[in-house]
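Participant: Chain by chain, the residues run as shown.
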Amino acid sequence: MSDATIAESRKLDGPLVIGDVTFTSRLIVGTGKYTTNEVMIDAIRASGAEMVTVAVRRVDLDRTREEGILHHLSPDEFFLLANTAGCYTAEDAVRYARLARAAGFNEFVKLEVIGDERTLLPDVHATLEAARTLADEGFKVMAYTNDDLITALRLEDAGCVAVMPLASPIGSGLGVVNPYFIREIKRRLEVPVIVDAGVGTASDACVTMEQGVDGVLMNTALAAADDPVRMSHAMKHAVVAGRLAFLAGRMPSREIAVPSSPTTGMLG
Amino acid sequence: MATDTATIRVRVNGKDREITRGLTVRGLLESLELHPGMVVVELNREILERDSYGETDVSPGDTLELVHFVGGG
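Which chain is which? The protein sequence lines are A and B, in order. Everything in the first sequence is counted per numbering that gives the first Met the number 0, starting at 0 for the first residue and increasing by one. Everything in the second sequence is counted per numbering that gives the first Met the number 0, starting at 0 for the first residue and increasing by one.
For reference, chain A alone in the conformation it holds in the complex:
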């Protein structure tokens, strides 16, 4: 039933196009922090996501067997979006992006340059610098950034194919802390706006999509749920629900009641 519901809803919405790639799901998911690879793959399939993020790290040579994620996650089934997570300088982020591209899957990179360990808030200056370099080198840059309009505009000018403001800090699960800024970024940019980071539960994803953004990216909300597979189902529906509610246009809210039933024709 759920897949039929999702399929039905897709008739009411267009696809998500990022760069030159078309996606039917507006949910992008990460692959980190799952307790097992089996849970990860089941959760990702349940989410309906087509684009999944991965990180670039050294091979652990002290282990007897490779623990690369591609042993569990087929690049034929999912569109891999490599990130530059953990980078604190533009130079490092560019280096990680180049390594990711050399893996040979696609030109996309989720650019992330962190500026502060406690909040994991982005260094927007370094992010802009790296975005310009990578766009010049032909990368399709999806840039993680603050919920700041000016930075978002600059990232679009730099040639990013998507701009990804945070809902709230990475892994915080606080939901959208500034819906007004998110709405304004969406209104002002032409490239897709994907809210990345901070979603905690299904209602957060729904509220995020109700702001009119093109998609949402999450990892911890799924991986750290007690039941990641069930939460992934919930998120799939929440993203669709929020999107359709946005497209439908909500009724005005007011602080006094208005009866739903006729006030005339009451018994005397």
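FYI, nobody ran anything at the bench for these hints, they're computed from the structure. Beta carbons are placed, not taken as given, at the ideal position from N, Cα and C, and that holds for glycine.
Partial list, derived from the structure: chain A residues whose beta carbon lies under 8 Å from chain B: (1) Val55; (2) Arg57; (3) Val58; (4) Ala84.
Following the hints, put chain B in place on chain A, whose structure we already have.
Facilitator: Frame of chain A, contents of chain B only:
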């Protein structure tokens, strides 16, 4: 000592390692039981094309980074 000529010292993923002299990058990956198609190699800060692993020699003092994709958000 025979080992002085049979091995060379290189730095792989941040650690010094003694490896067999005369290995190519492909040979090094195989000796580490790594599938060349699953690993990206940076040799002295330059990314190597995968096609060149078999014809690129590992020399004494080289610094190699062997990376792959892991779970991340």
